[in-house]
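Protein chains: 4
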Amino acid sequence: MFVLVNLKAYPCDPVAVAEAAHDVAGSSGVRIAVAPQAADLAAVAETGVETWAQHVSPNEHGSHTGSTLAERAAAAGAEGTLLNHSEKRMTLADIDASLDAAERADLETCVCGNTPAQIGAVAALGPDSVAVEPPELIGGDVSVASADPDIVTDAVAAAEAVDDDIDVYCGAGISTGDDLDAADDLGASGVLLASGVAKADDPKAALEDLVSPLA
Amino acid sequence: MFVLVNLKAYPCDPVAVAEAAHDVAGSSGVRIAVAPQAADLAAVAETGVETWAQHVSPNEHGSHTGSTLAERAAAAGAEGTLLNHSEKRMTLADIDASLDAAERADLETCVCGNTPAQIGAVAALGPDSVAVEPPELIGGDVSVASADPDIVTDAVAAAEAVDDDIDVYCGAGISTGDDLDAADDLGASGVLLASGVAKADDPKAALEDLVSPLA
Amino acid sequence: MFVLVNLKAYPCDPVAVAEAAHDVAGSSGVRIAVAPQAADLAAVAETGVETWAQHVSPNEHGSHTGSTLAERAAAAGAEGTLLNHSEKRMTLADIDASLDAAERADLETCVCGNTPAQIGAVAALGPDSVAVEPPELIGGDVSVASADPDIVTDAVAAAEAVDDDIDVYCGAGISTGDDLDAADDLGASGVLLASGVAKADDPKAALEDLVSPLA
Amino acid sequence: MFVLVNLKAYPCDPVAVAEAAHDVAGSSGVRIAVAPQAADLAAVAETGVETWAQHVSPNEHGSHTGSTLAERAAAAGAEGTLLNHSEKRMTLADIDASLDAAERADLETCVCGNTPAQIGAVAALGPDSVAVEPPELIGGDVSVASADPDIVTDAVAAAEAVDDDIDVYCGAGISTGDDLDAADDLGASGVLLASGVAKADDPKAALEDLVSPLA
Numbered sequence: 001m002f003v004l005v006n007l008k009a010y011p012c013d014p015v016a017v018a019e020a021a022h023d024v025a026g027s028s029g030v031r032i033a034v035a036p037q038a039a040d041l042a043a044v045a046e047t048g049v050e051t052w053a054q055h056v057s058p059n060e061h062g063s064h065t066g067s068t069l070a071e072r073a074a075a076a077g078a079e080g081t082l083l084n085h086s087e088k089r090m091t092l093a094d095i096d097a098s099l100d101a102a103e104r105a106d107l108e109t110c111v112c113g114n115t116p117a118q119i120g121a122v123a124a125l126g127p128d129s130v131a132v133e134p135p136e137l138i139g140g141d142v143s144v145a146s147a148d149p150d151i152v153t154d155a156v157a158a159a160e161a162v163d164d165d166i167d168v169y170c171g172a173g174i175s176t177g178d179d180l181d182a183a184d185d186l187g188a189s190g191v192l193l194a195s196g197v198a199k200a201d202d203p204k205a206a207l208e209d210l211v212s213p214l215a
Numbered sequence: 001m002f003v004l005v006n007l008k009a010y011p012c013d014p015v016a017v018a019e020a021a022h023d024v025a026g027s028s029g030v031r032i033a034v035a036p037q038a039a040d041l042a043a044v045a046e047t048g049v050e051t052w053a054q055h056v057s058p059n060e061h062g063s064h065t066g067s068t069l070a071e072r073a074a075a076a077g078a079e080g081t082l083l084n085h086s087e088k089r090m091t092l093a094d095i096d097a098s099l100d101a102a103e104r105a106d107l108e109t110c111v112c113g114n115t116p117a118q119i120g121a122v123a124a125l126g127p128d129s130v131a132v133e134p135p136e137l138i139g140g141d142v143s144v145a146s147a148d149p150d151i152v153t154d155a156v157a158a159a160e161a162v163d164d165d166i167d168v169y170c171g172a173g174i175s176t177g178d179d180l181d182a183a184d185d186l187g188a189s190g191v192l193l194a195s196g197v198a199k200a201d202d203p204k205a206a207l208e209d210l211v212s213p214l215a
Numbered sequence: 001m002f003v004l005v006n007l008k009a010y011p012c013d014p015v016a017v018a019e020a021a022h023d024v025a026g027s028s029g030v031r032i033a034v035a036p037q038a039a040d041l042a043a044v045a046e047t048g049v050e051t052w053a054q055h056v057s058p059n060e061h062g063s064h065t066g067s068t069l070a071e072r073a074a075a076a077g078a079e080g081t082l083l084n085h086s087e088k089r090m091t092l093a094d095i096d097a098s099l100d101a102a103e104r105a106d107l108e109t110c111v112c113g114n115t116p117a118q119i120g121a122v123a124a125l126g127p128d129s130v131a132v133e134p135p136e137l138i139g140g141d142v143s144v145a146s147a148d149p150d151i152v153t154d155a156v157a158a159a160e161a162v163d164d165d166i167d168v169y170c171g172a173g174i175s176t177g178d179d180l181d182a183a184d185d186l187g188a189s190g191v192l193l194a195s196g197v198a199k200a201d202d203p204k205a206a207l208e209d210l211v212s213p214l215a
Numbered sequence: 001m002f003v004l005v006n007l008k009a010y011p012c013d014p015v016a017v018a019e020a021a022h023d024v025a026g027s028s029g030v031r032i033a034v035a036p037q038a039a040d041l042a043a044v045a046e047t048g049v050e051t052w053a054q055h056v057s058p059n060e061h062g063s064h065t066g067s068t069l070a071e072r073a074a075a076a077g078a079e080g081t082l083l084n085h086s087e088k089r090m091t092l093a094d095i096d097a098s099l100d101a102a103e104r105a106d107l108e109t110c111v112c113g114n115t116p117a118q119i120g121a122v123a124a125l126g127p128d129s130v131a132v133e134p135p136e137l138i139g140g141d142v143s144v145a146s147a148d149p150d151i152v153t154d155a156v157a158a159a160e161a162v163d164d165d166i167d168v169y170c171g172a173g174i175s176t177g178d179d180l181d182a183a184d185d186l187g188a189s190g191v192l193l194a195s196g197v198a199k200a201d202d203p204k205a206a207l208e209d210l211v212s213p214l215a
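Protein chains in written order, with the working numbering: chain A, 1 to 215; chain B, 1 to 215; chain C, 1 to 215; chain D, 1 to 215.
Computed far set for chain A versus chain D, every beta-carbon distance over 12 Å:
no. : residue
1   : 1
2   : 26
3   : 77
4   : 204
So the derived list for chain C, only partly shown, Cβ under 8 Å to chain D, looks like this:
no. : residue
5   : 6
6   : 10
7   : 11
8   : 37
9   : 38
10  : 39
11  : 40
12  : 41
13  : 54
14  : 59
15  : 65
16  : 66
17  : 67
18  : 73
19  : 87
Just so you know, the hints here were simulated from the structure itself, not pulled from any lab data. Cβ atoms here follow ideal geometry from the backbone N, Cα and C, with glycine treated the same way.
The shape of chain A in the complex, shown without the other chains:
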């Protein structure tokens, strides 16, 4: 199982969370990555944790102001990027172009979708992985794996119908080891989480609890 911690725009210390994630990844052997805002990529990568961007621009080098090119995210230390998160919805053509950009910059990609149909759609664009996150559960206390298990199994089926090798993650409401276990049982090969770690009083303890079923 892959654990991707999206720091969003939470008022956390990104380096402190990154250090906790790096420690827990080391002690548990579980793959854990942290996705900070673009301005924090370099500081987070410096901790040694696997670092992802929350988004990269569909643009190539040129006259573009205020975007984060895949190339600069990679130069700052990112190894992967989320795309089309519910909080950063992209046009279909831009998802396609950002996947090309990520490939040029050698970034691993995870494209989000809200429904199994959307997961099938984004899988057709050839990302490394996809993530299903029902927007109504994001930021809540109820895990997608318990609130709506069918959406996870249907997303896995939709993605695999398009591409056998693709990884399918799930997100929304994930915070405990039980949630991780449930996601695993439903066929997901990873989880996206955010507030459960980024807003925890003790992010390290939260991550240790999360990965405990895998230890």
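Here the structure of chain A is known, so what remains is to put chains B, C and D in place on it, guided by the hints.
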């Protein structure tokens, strides 16, 4: 005169340009700032040069993915931010909210507009400075100060009608000391430039030529 | 006082509301206009009521799909258009271009803003009128004129500081004759309303109550 | 073969083109539809021609200003709608929601994409048909079927891999009977065209030439 070098998404080495700008600022006594992509803010600020963001989000802390909060731009070393650049047009309500965000994070602000009327409009929102850049001249070889001097004097008049104390910069096609001189004569108190430095074979020489009328 | 009824995307019969508005305008002598969705402009205009668009595109004639040109809104019978409504926020440059488009098509214009500062900003672009609508009050039961009277007087002051002749309307929560009276007392020369009429069981009775202080 | 004439924002008389299309459809037996701007839907539908919207909103009934609901497009006489045209790119989630909206309003749907991969993606969302239009050929003199025949056959393959029953149209540069023939040979079951008819001096003659291979 203030010189703001927007690195846009050009394939330059942001640290090399920043070091050149820092050197020329030091030797000439001219205020020069560099605006890299968000992922490069920390590395650019580390050179000691005055560092600006190209854009900051209107958002406050919370569940937002893929944006750059003013607070994180500042934490990475930014001292100011552009807003509403022609290549990153914002809604009026978002310009207003990003100005609030910049104030919370203690960032200096420069809001761009395409026409004198738009400059009057953005001046009404209370930024520290405004910049007029006719989009048809951006990235070209002809300076706004020579191609369309009236737009600069009209922008200065429109801004000062709203706020006596506001600084007015001009951009588009600025690359030489003569362009800087012409902008100064038209009442601008600074210039925005991009390709003239960021794409120069020798950014330091380009900056030295640019600031030579002020030495 | 001018009364502009925005039908939004409510499930009302636009022609029935238009006929009611036409009747009440005729019997009361009050200027009342109705703003339906673009697809309903022709049917609404056919009733004889003053008809406004909810939005027009910043585009000129050309290769643009899925937009409503000012020219076609006018051809369908519109005499005016809202711009930059809180539910259809536009970039500053697009507001400017849509004002040009409306002028080409001889449409009267009303640009919305959320705050007095934004009202000052949009007034600088030269519309015929501006409207202040605090988004947190839109669709509610409490009128802006009673909940936040200062925002109306401040908006009037901000607009008049830029342009003596401009009309200032206010919206959000307006539904009764008392609300209209209060808006008038605060210096507004018109009101925008929506659900109070469009979702009323009897739109004609709602309009008659609304304009009763003016009779 | 289905012929869909997108009037875009061209300065044509929509009713005159609609009447020509209606005549040619009647005399040739070919299915021809016309897609005007939203404000012209009612007038175009009145001619009796099959009428399509250029776009419908993902929204349901509610507090939305400046959008065209599927329900109102249908009430004005539309029988189908384009979605995600290159000139009106939508987020993936909005394409999904607009397809739901179109289904509620009983509108036939055609979702556009730029590449075979994007066509596979949109086919996964369950529209009635898809259309491939390479943006670099739109509005030009060279037909997609001659300039880039592989993109058409690849799009047909990508769509059919997802859904056997889906119709695949192609667009960009289509203007003559030869273009229509070539599209047919490549497996397309219809064509989208715009300037070739909408900007023709004699739209009826242009349509007659276009459908001549099918007569």
